[in-house]
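These are the residues of each chain, in order.
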Amino acid sequence: MTDFLNALTLLGNFLIIPGLTYGSQLALGALGVTLVYGVLRFSNFGHGETMAFGAMVTILVTWGLQSVGISIQPLPTALLAIPVGIAVTVLLTLLLDRFVYRYHRERKANPVIFLIVSIGVMFFLGGLIRFIIGPGDQIFFDGTRFILKAREFKQLTGLDEGLSLKMTQAVTIVTAVMIVAAMFWFLNHTRTGKSMRAYSDNENLALLSGINPDRVVMITWILVAALATIAGTLYGLDKSFKPFVYMQLLLPIFASAIVGGVGNPIGAIAGGYVIAFSELILTFAYKKVVLYLGPESMEVESLVQFLGTDYKIAVSFIILVIVLIIKPTGLFSGKTI
Amino acid sequence: MSFLLGEQMTGGYGAADILHDCSIGVEKGEIAVIVGPNGAGKSTAMKAVFGMLPLRKGRVLFDGDDVTQLKPEERVVKGMGFVPQTHNVFTSMTVEENLEMGAFIRTDSISDSIAQVYDLFPILKEKRKQPAGELSGGQRQQVAVGRALMTHPKVLMLDEPTAGVSPIVMDELFDRIIEIARLDVAILMVEQNAKQALEIADKGYVLVQGHNRFTDTGEALLANPEVRKAFLGG
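So the protein sequences, as listed, match chains A and B. The letter at position 214 of the first sequence is residue 214 when you use my numbering, and the numbering goes up by one with no holes. The letter at position 39 of the second sequence is residue 39 when you use my numbering, and the numbering goes up by one with no holes.
Please note that a few of the clues may not be correct.
SDA-like mimics (lysine to any residue), calculated; alpha carbons at most 25 Å apart, straight line [stated by the list, open to error]: (1) K78/B / D214/A; (2) K129/B / E203/A; (3) K125/B / H189/A; (4) K57/B / G25/B; (5) K125/B / G193/A.
Rather than coming from a laboratory, the hints here were simulated on the basis of the structure. Small disclaimer: the values here were computed from a predicted structure and weren't measured.
Turn these sequences into a full structure, and let the hints steer you where they fit.
Okay, here's the thing in structure tokens:
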């Protein structure tokens, strides 16, 4: 029995909590990608850098707050800085839309052109971010590091394995749940949210119903900027902020959106967790779990791992390919890319 | 002068004109039907009246105003309602949400209008929480008409409302359309089922290759041997 509880704790500590955290970050990112796809009808490759930009602004404001001694112990100060980060990122996305995307929208450009334009935006933003904050690692986390320490857990339960819960993990999961709930409430219960869904569903009929497309586009960019800033900041708090990492995040984020069904918000959330847990389950070393659960005399030589952690990014790529071949509309029947 | 009148409309999508001096009009409380063979420009004439087709010549008059230069969405605000032939409902949204979106331009309470649509199409009340995409073809058409009615239009334009529905559903839809006309709404529709449509029409337009070929009351067109022979199958 103790062995079983030890194995369970081990999985909880290294698989379930990190999976929920990473999944929440991907879900928020994928939600932004899916909104752009649903309303503006293109795959926004600039989304990773939008996340990095929002996180960057939040970090700069956090440093400012830290330097004048403002904090919200035990929570990280960055949470206080997020609204400013969102405001500046909203400004950025609206400017980009006004001077880059609107031109192509008015010409009713092919989605492929939008996609290529968004790649240009991605490089531009990447350069801008490295120009402002530099390419290096930035640490901006403060506040209490652990809510539950492994040692305390061991003392409390008498188990050999410890379960720890980092502040960043708790903050990520709680924030994600709140944001997602607010997002769905907005989309399903407000007039503006419904008009966004209507526009996404059938552009011409939305026009015939008197829905103003410019307003829908503007609100979409505001939501996307907010989601990107929150997702980027949470990811940076949890891991650390490094501009290049956000470009690499693009693959798991797109995989999440597509697995769930692109254009479908529920799908984006589910997809985020599917990708996160697949990555972790396939690259987790089960050696200790097997030792706990197997017969006592059993000896395990290897790490009992499906894939080396180096192949983590390959997991989302493989899932992406499988979904596109077998069920291109995704789990929740989004649009086909 | 008709309540809604597309006068001598000439125009098309590209270089070639589809409509040639085509005139279409309808009075309040009346039903006008556009019939004709495939490719006659029936739907195009309808779109021209609604501002979805650039006109080279001619004009559109509505309620005494020249609306030729107005965009379709501006005509909706003026009191014109349009039900497209396809993609005429928000498939991922519930029946009730479809109706709410139909009333998007209104700022007053819409519950009365929703109740009115439910009175007209009782089945929609039953299905109000269901996504419109899950309904049958006939029910979808009812949602589409209901959506257009939510703005209390003075003229309702229907592009082949009975396309792809069974004859029984078609009769029922026509009954509903007559009911709507009795509310003093002008109805202009394009129909493939020419015979049945002309039976309920106060006015009929037979178009051939973008020209007005015959224009008369529905009854007279049905009785006209030339029309019967060429367009109604004898």
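Against the structure, the hints:
1. K78/B / D214/A: Status holds; Cα separation ~21 Å.
2. K129/B / E203/A: holds (22 Å)
3. K125/B / H189/A: Holds, because 19 Å separates the two Cα atoms, which is no more than 25 Å.
4. K57/B / G25/B: Holds: K57/B and G25/B sit about 16 Å apart, inside 25 Å.
5. K125/B / G193/A: holds (23 Å)
When each numbered hint is compared with the structure, no violation occurs for any of them.
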